[in-house]
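The whole structure should be built from the sequences, with the hints applied where relevant.
Top to bottom, those sequences are chains A and B. Each residue of the first sequence is one higher than the one before, counting from 1 in my numbering. Each residue of the second sequence is one higher than the one before, counting from 1 in my numbering.
Just so you know, the hints here were simulated from the structure itself, not pulled from any lab data. Treat the hints with caution; some may be incorrect.
[Said to hold, decoys possible] Pulled a few chain A residues facing chain B out of the computed Cβ check, cut under 7 Å:
hint, residue
1, 2
2, 7
3, 43
4, 57
5, 59
6, 63
7, 66
[Said to hold, decoys possible] Below, simulated BS3-like cross-link-like pairs (lysine-lysine); rule was C-alpha separation at most 30 Å, straight line:
hint, chain 1, residue 1, chain 2, residue 2
8, A, 37, B, 558
9, B, 345, A, 37
10, B, 558, B, 345
Just so you know, even glycine gets a beta-carbon here, dropped at the ideal spot from N, CA and C.
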Amino acid sequence: MKLSELPVGTNAIVRELPNPDPANIRLREMGLLAGTKLSLIRVAPLGDPIEIKLRGYHLTIRKTEADHILVDPVP
Amino acid sequence: MLLPPHITSNSTSATRNPVYALVGNPNCGKSTLFNALTGLKQKVGNYPGVTVEKKIGTAYSQHGTPITVVDLPGSYSLAARSPDEAVTRDVLLGRRADTPQPDRILCVVDATNLERNLYLVHQILDLGRPVILVLNMMDLAAAAGAEIKLDKLEAELGIPVIACEAVNGRGVIDLKLAMSRADLPLSRHAWDVPAAIAPAVAELQASLTANDGKSPLIARAEALLLLTDRDSLRVAGSKPLSARTAETLAIWQRRWEGEGTDWAGILVNSRYEAIGAIAAEVVTAGHTPGPSTSDRIDDIVTHPLWGWLTLGGVMAALFLSIFTLAEFPMNFIDGHIAALSDQVKAAMSPGDLRDLITDGAIAGVGGVLVFLPQILILFFFIGLLESTGYMARAAFIMDRLMSRVGLNGKSFIPLLSSYACAIPGIMATRTIEDHKDRLVTIMVAPLMSCSARLPVYLLMIAALLPGDSVPIWSKVGLMLLMYTLGTVGAFAFAWLFKHTLLKGAPPLMIMELPPYRLPGLRDVALQMFERAWIFLRRAGTVILGISIILWFLTAYPKAPAGSNEQQQLAQSFAGRAGHALEPAIKPLGFDWQIGIGLITSFAAREVFVSTMGVVFNVESAKDNTTPLRQALLAAKWPDGRKLFTPLVCFTLMIFYVFAMQCVSTIAVVRRETNSWRWPLFQIGYLTGTAWLVCILVYQTGRALGFG
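Okay, structure coming up:
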């Protein structure tokens with residue numbers, strides 16, 4: 001499932017990231033890697049960007065980036 | 001036992017005091033630690049050629065020996081994505097000619113967010129310099145239920161680890177003790193470069209040593225960096241790679257691309273694996289204590305309803321404090337400048353030199369100083385928003401709207417600040433990583449109606465709708481129309497520039513939302529004074545210069561003896577320029593007398609009002625525009641037509657919405673973009689737009705029978 005489709009308040013594990021371009025090299029460097037646990041905290045009032053929590057901190061990304069990140073929801 | 005030289009710090013430490021670089025992620029409390037270490041012994045400047053603040057301070061060891069500390073911009077990684085991060089990377093790698101490579105490195109990490117913070121540390125350990133690791137915010141980590149075993153971390157990394165709470169100064173003495181040590185061990189952290197990329201790293205390392213003159217250790221660190229630093233952001237002052245090394249890199253990248261190898265991902269992964277192994281040993285995460293205070297604040301602050309109300313409240317508080325708190329110091333400064341001018345007038349004999357000093361230098365610089373209280377308050381507010389963490393939330397909420405014109409949420413606060421004054425707004429664009437986005441924001445910031453336009457708007461509204469019978473809402477409505485026009489213009493031009501001149505990929509919004517923290521008022525105040533000082537020092541000369549030129553234009557050539565100010569102005573170069581300008585501005589409904597006002601108010605918009613006072617020979621009464629308003633309404637063209645018709649007043653207001661009439665802004669844009677190209681372009685496009693829109697409005701108005 002796409003990260004952008006993950007419901008608010010659920011946890012997931014990253015399955016697959018797109019091949020690196022400069023943008024998602026930075027995402028990886030921020031600790032978002034295949035196998036990383038994350039939870040979707042909220043969506044901004046206007047519907048974009050989204051806020052995720054990973055490795056104990058909060059990060060925002062736009063839905064256009066989240067569209068390319070595949071995750072497996074976990075309970 | 002004496003350690004062999006290659007695993008103790010370099011021998012220079014015996015002969016001179018080591019230079020420390022202070023590095024860390026954004027929001028890790030690095031500035032607070034820097035202030036705690038160095039107190040007020042700091043020098044703030046700029047790295048030549050880039051608008052990145054260069055901060056150097058002096059700390060004192062236990063024995064009173066001075067230790068130089070270079071505070072490098074906050075970075076998430078050495079693979080730079082902004083000019084700030086590029087400076088950090090280049091200084092650490094010794095790529096900048098203007099800054100010597102630091103001998104030792106102080107790495108600050110946020111103890112509440114150890115894993116991600118250690119990523120940068122992991123890259124820095126590769127540099128082969130002695131590193132001291134500072135675990136900041138230990139109190140917050142403990143409060144969150146995490147226990148960090150310092151001795152284990154020290155054993156894993158083999159470098160000194162100091163626990164610290166920079167906010168209240170705890171641990172700073174321990175840190176100074178560690179910094180005073182003559183010898184520091186090099187990291188023993190063993191980390192294997194993943195097999196898939198190891199040959200490339202070895203080859204790049206060899207090439208960097210042979211062709212770029214790097215020492216083997218630095219060459220290895222740079223080789224690793226090159227693999228993740230693909231769009232290798234180059235800033236002025238950094239040395240480029242040799243052609244041979246760049247070619248080697250390109251060959252490997254082509255090969256990996258062909259094989260489908262995700263080389264950067266492999267490298268980042270293996271670093272995080274090493275970090276994960278360390279973290280598992282060192283950190284015992286306690287029970288998860290449920291939603292933190294930050295989470296609860298965010299539930300309100302980013303709420304679909306309360307979020308907007310909070311944002312509105314913060315904006316309202318900002319503008320209310322600017323207009324109320326600034327009033328008293330502004331009057332105070334105004335009074336003192338007038339008094340100083342009078343004193344000079346009394347002390348010197350009448351003549352050109354006296355007028356140059358009073359009407360040129362003092363009036364010109366005074367005109368800028370008057371806005372200093374507003375500028376300071378804005379800087380203070382921006383600092384407060386940054387240090388509490390609210391700035392990131394405002395960007396989060398506004399991102400969607402800003403993305404419509406191709407910008408991201410980070411442009412919001414700079415543009416908002418520009419409603420009070422474009423100068424702090426433009427200086428606040430430094431938080432925008434992407435160079436083009438930052439330029440676009442700077443280019444459109446002056447379109448936000450600033451407070452210097454108010455006197456012009458008010459005078460024109462008074463002339464347009466004189467008398468008390470006019471309902472107040474129509475005056476307010478006119479005012480709002482001007483603000484709206486400027487705002488719409490700003491967004492329209494931002495869109496235009498993002499799609500033409502400064503075309504770039506849509507900006508990303510990879511942004512950390514740091515936990516809310518109580519602001520360190522001392523740090524915020526210090527930053528406010530630093531920024532104000534930079535503005536005064538750098539902009540001061542340009543402002544003084546242009547003020548003197550403008551004075552000269554109004555003072556020469558001399559009118560015959562016995563003429564009054566009005567006749568002098570008409571006779572002067574500015575007066576003649578007004579006449580010369582008339583053909584260009586006549587289609588806008590302006591005559592040469594208004595032309596003089598347009599010229600003199602190039603220094604600052606509010607000067608228009610005082611110039612009109614001189615042009616129409618009205619004794620200026622400070623708080624009462626009635627005599628001036630009446631003089632304006634009585635003014636006529638030579639053929640007897642009224643000059644200030646409602647349509648002309650309206651057109652004039654529109655002119656001031658768009659035209660770039662502010663020397664200080666020009667000076668700041670020049671400084672922030674490092675060239676005259678952008679401020680000149682800005683003057684051209686803004687004043688050109690002003691002219692076009694005015695001609696459209698005036699001629700349409702005429703055709704419709706107004707005026």
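Results for each hint:
Hint status for residue 2(A) relative to chain B: violated, with the closest Cβ pair at about 17 Å, above 7 Å. Here the hint on residue 7(A) is broken, as its CB sits about 16 Å from the closest CB of chain B, past 7 Å. Against a cut-off of 7 Å between C-beta atoms, the interface hint on residue 43(A) is violated, since the closest Cβ of chain B lies about 9 Å away. Given hint, residue 57(A) at the interface with chain B, holds; its Cβ is 5 Å from that chain's nearest Cβ, closer than 7 Å.
At its closest, the beta carbon of residue 59(A) sits 6 Å from a beta carbon of chain B; the interface hint therefore holds under the 7 Å criterion. This hint is violated: residue 63(A) has a C-beta 10 Å from the nearest C-beta of chain B, more than the 7 Å allowed. About 10 Å separates the beta-carbon of residue 66(A) from the nearest beta-carbon of chain B, more than 7 Å, and the hint is not met. The straight-line distance between the Cα atoms of residue 37(A) and residue 558(B) is roughly 78 Å, outside the 30 Å bound, and the hint therefore fails.
Our distance criterion of 30 Å between C-alpha atoms is broken by residue 345(B) and residue 37(A), whose separation comes to about 73 Å. A threshold of 30 Å between alpha carbons decides the hint, and for residue 558(B) with residue 345(B) the separation of about 19 Å falls inside it, so the pair holds.
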